[in-house]
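Protein chains in written order, with full-length UniProt numbering: chain Z, 1 to 335; chain X, 1 to 325.
Quick caveat, the hints were computed from the structure, so don't treat them as lab data.
Hints are not guaranteed to be accurate.
To be verified - No more than 20 Å apart at the CA atoms, straight line, and that leaves these computed lysine to any residue pairs for SDA-like: (1) Z:K331 <-> X:Q153; (2) Z:K127 <-> X:P58; (3) Z:K331 <-> X:P104; (4) Z:K331 <-> X:G157; (5) X:K148 <-> Z:P330; (6) X:K89 <-> Z:I234; (7) X:K77 <-> Z:P243; (8) X:K89 <-> Z:P244; (9) Z:K127 <-> Z:I139; (10) Z:K86 <-> Z:D68; (11) X:K148 <-> Z:L327; (12) X:K173 <-> X:G72; (13) X:K148 <-> X:A126; (14) X:K148 <-> Z:G167; (15) X:K89 <-> Z:I247; (16) X:K89 <-> Z:G245; (17) X:K89 <-> Z:R246; (18) Z:K331 <-> X:F110; (19) Z:K331 <-> X:S100; (20) Z:K127 <-> X:T60.
Since we're looking at a predicted model, the values are computed, not measured.
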Amino acid sequence: MLRYVLSRFATFVPTFIGVTLISFAFIRVLPGDPIIVMAGERGMTQERYDELVVQFGFDRPIYAQFWDYLTGVLQGDLGTSYVTKKPVWDEFFALFPATLELSICAMIFAVALGLPAGVIAAMNRGKFFDRALMSTALIGYSMPIFWWALLLIIVFSGNLGWTPVSGRIDLLYFFPDTTGFMLIDSLLSGQSGAFTSAVRHLILPTIVLGTIPLAVIARQTRSAMLEVLGEDYIRTARAKGLPPGRINGLHALRNALIPVITVIGLSVGTLLAGAILTETIFSWPGIGKWMVDSIFRRDYPVVQGGLLLIAVMVMVVNLTVDLLYGLINPKIRKR
Amino acid sequence: MSLLRLRNLSVEFATTGGRFRAVDQVDLDVDKGDVLAIVGESGSGKSVSMLALMGLLPWTAKVTADEMVFDGHDLSKMSARARRRIVGKDLAMIFQEPMSSLNPCFTVGFQIRETLRIHLGMDRKAAQARAVELFELVGIPAPEQRLKAFPHQMSGGMNQRVMIAMAISCNPKLLIADEPTTALDVTIQAQILDLLVRLRDETGMGLVLITHDMGVVAETAQRVSVHYAGQKVEEQPVRPLFRAPHHPYTSALLAALPERATDKRLPTIPGVVPGQFDRPQGCLFSPRCPFADDHCRKVPPAPRGPDLGLARCHYPLNTDERLAS
Numbered sequence: 001m002l003r004y005v006l007s008r009f010a011t012f013v014p015t016f017i018g019v020t021l022i023s024f025a026f027i028r029v030l031p032g033d034p035i036i037v038m039a040g041e042r043g044m045t046q047e048r049y050d051e052l053v054v055q056f057g058f059d060r061p062i063y064a065q066f067w068d069y070l071t072g073v074l075q076g077d078l079g080t081s082y083v084t085k086k087p088v089w090d091e092f093f094a095l096f097p098a099t100l101e102l103s104i105c106a107m108i109f110a111v112a113l114g115l116p117a118g119v120i121a122a123m124n125r126g127k128f129f130d131r132a133l134m135s136t137a138l139i140g141y142s143m144p145i146f147w148w149a150l151l152l153i154i155v156f157s158g159n160l161g162w163t164p165v166s167g168r169i170d171l172l173y174f175f176p177d178t179t180g181f182m183l184i185d186s187l188l189s190g191q192s193g194a195f196t197s198a199v200r201h202l203i204l205p206t207i208v209l210g211t212i213p214l215a216v217i218a219r220q221t222r223s224a225m226l227e228v229l230g231e232d233y234i235r236t237a238r239a240k241g242l243p244p245g246r247i248n249g250l251h252a253l254r255n256a257l258i259p260v261i262t263v264i265g266l267s268v269g270t271l272l273a274g275a276i277l278t279e280t281i282f283s284w285p286g287i288g289k290w291m292v293d294s295i296f297r298r299d300y301p302v303v304q305g306g307l308l309l310i311a312v313m314v315m316v317v318n319l320t321v322d323l324l325y326g327l328i329n330p331k332i333r334k335r
Numbered sequence: 001m002s003l004l005r006l007r008n009l010s011v012e013f014a015t016t017g018g019r020f021r022a023v024d025q026v027d028l029d030v031d032k033g034d035v036l037a038i039v040g041e042s043g044s045g046k047s048v049s050m051l052a053l054m055g056l057l058p059w060t061a062k063v064t065a066d067e068m069v070f071d072g073h074d075l076s077k078m079s080a081r082a083r084r085r086i087v088g089k090d091l092a093m094i095f096q097e098p099m100s101s102l103n104p105c106f107t108v109g110f111q112i113r114e115t116l117r118i119h120l121g122m123d124r125k126a127a128q129a130r131a132v133e134l135f136e137l138v139g140i141p142a143p144e145q146r147l148k149a150f151p152h153q154m155s156g157g158m159n160q161r162v163m164i165a166m167a168i169s170c171n172p173k174l175l176i177a178d179e180p181t182t183a184l185d186v187t188i189q190a191q192i193l194d195l196l197v198r199l200r201d202e203t204g205m206g207l208v209l210i211t212h213d214m215g216v217v218a219e220t221a222q223r224v225s226v227h228y229a230g231q232k233v234e235e236q237p238v239r240p241l242f243r244a245p246h247h248p249y250t251s252a253l254l255a256a257l258p259e260r261a262t263d264k265r266l267p268t269i270p271g272v273v274p275g276q277f278d279r280p281q282g283c284l285f286s287p288r289c290p291f292a293d294d295h296c297r298k299v300p301p302a303p304r305g306p307d308l309g310l311a312r313c314h315y316p317l318n319t320d321e322r323l324a325s
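Using the sequences and the accompanying hints, generate a full structural model.
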């Protein structure tokens, strides 16, 4: 087991170097000059421009710049933002809890609804419930996120007035960032109504972000369940006279979980990295919004560092998923 | 009253090409301590009829029967819930592929204790003790350790023993074994058959053995029911059947036994079992029967009397007159 984990970690090395290289190259390929963007409409003198070029190291050859970046990263230094002059590391971890909180909620929403929906659809294969559920899932999957978000805002915030339009909490409340997670901080603050306000702010973003994973998980669970339900050991379970709930929920689901866990793992990756649209629409102060802003500002260290951290996060999630396989299916455990 | 009594059992499958009748008006009786062998080629409906009895067919199957009485209960008139109290407890079944018939995600111990806890309401400790006892009964060495193993960590023969232990865990009155030895190698086959017969002797349960191995039949069965294309074509006690088969199909099956071959070439039955679209109008065996005439091809035969092995044939073989002539 330990050897397996270590060998998986070894595959991190080339991925890691590849990601640094791609993120480094990607932002430099984009047209635009960070110094000119910084100067804004006012512009700057040629002397000041030349001074800044030297200061940022743009006068040196590109491979030397990459080497500087890579050695910095390996020493735990992701650089400093051109715009805010703060270390990328600090900025990322100040904003990351917001994204993590939203992603976790969206994932819980997607799994809690998607898994049972898939199981029930498989049990009622071909019947009305199955068809209704699967066409809804297809709609959910193909609906553009920004449109879906706007629809929900119009109905629930605009017409019904049930939920707030944007942000993480009402401006009435103020308390220090203890954990960075609004749900926990609002509880810790002890202010009445703060927690409810945080929850109400979370509802719409959670639904919007969780819709696509929900649809994917429901469909994947259904097809995996259908495959497993045709297996010999399910016939054995029925021949033992077990109740259908136990057959479907334990004997079949445990075997069907492998492909489902895979898509859940992949979804976690896209949630962390791909909350960009949702965060922008709901003015959610997370890393998605931060990354988009940084790309527009050509803030090289932020884009490079942010991409790298997200990539590492996705790699860790994938490793966790691989380890979960063995936990669920003992056949995979021995290598 | 016999333990199992099937009358006019039919199973139809709804397919894209219309209805397909896999089991056609089958009557069967099994008593306590009986060993009934059901033989026939692939596609003759042997397994399907027993799966129908167990209620294990997919939803595309439509099961009809005048009587499907097991131990005094008419299974066809029971609710699914009431039926589950009998299936797996008094009426158990083992299958052809032991390797894929056990759930790969759970230890064999979990799978056997589960049955005991659900049907007999045993607590963890009692179920564990009974599981150890059952493993010893079916000849699995080191039962405590084996109970912790997963199916993929054991051989096919061991897994079939686990299946048998699971099936007999609640002292069933009838055990159905659906080709229990087909997937195993020859030495293990004999062990498994011995085990089944020994368990029958010790517990007095009825045993239905589905097989297409006539050698297995001769060694283990008391009565033989020969099936062809969904119909029961003949039924006799094992000795008379081997000595004087009445249906040409039975006769042809026996002639195909290597032990009985007199020629260098093994005799075969030409053709295959009719499928959904080439079902003959008259006798189902007529296209492959060496004795068939126009009457056979037009009129389906009804089962003959018990003295002729209930043979579905217009011209049964080995009748007294023929033997005399």
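Against the structure, the hints come out as follows:
no.	hint	verdict
1	Z:K331 <-> X:Q153	holds, 9 Å
2	Z:K127 <-> X:P58	holds, 15 Å
3	Z:K331 <-> X:P104	holds, 7 Å
4	Z:K331 <-> X:G157	holds, 19 Å
5	X:K148 <-> Z:P330	holds, 12 Å
6	X:K89 <-> Z:I234	holds, 17 Å
7	X:K77 <-> Z:P243	holds, 19 Å
8	X:K89 <-> Z:P244	holds, 16 Å
9	Z:K127 <-> Z:I139	holds, 19 Å
10	Z:K86 <-> Z:D68	holds, 18 Å
11	X:K148 <-> Z:L327	holds, 16 Å
12	X:K173 <-> X:G72	holds, 12 Å
13	X:K148 <-> X:A126	holds, 16 Å
14	X:K148 <-> Z:G167	violated, 53 Å
15	X:K89 <-> Z:I247	holds, 17 Å
16	X:K89 <-> Z:G245	holds, 18 Å
17	X:K89 <-> Z:R246	holds, 17 Å
18	Z:K331 <-> X:F110	holds, 16 Å
19	Z:K331 <-> X:S100	holds, 13 Å
20	Z:K127 <-> X:T60	holds, 13 Å
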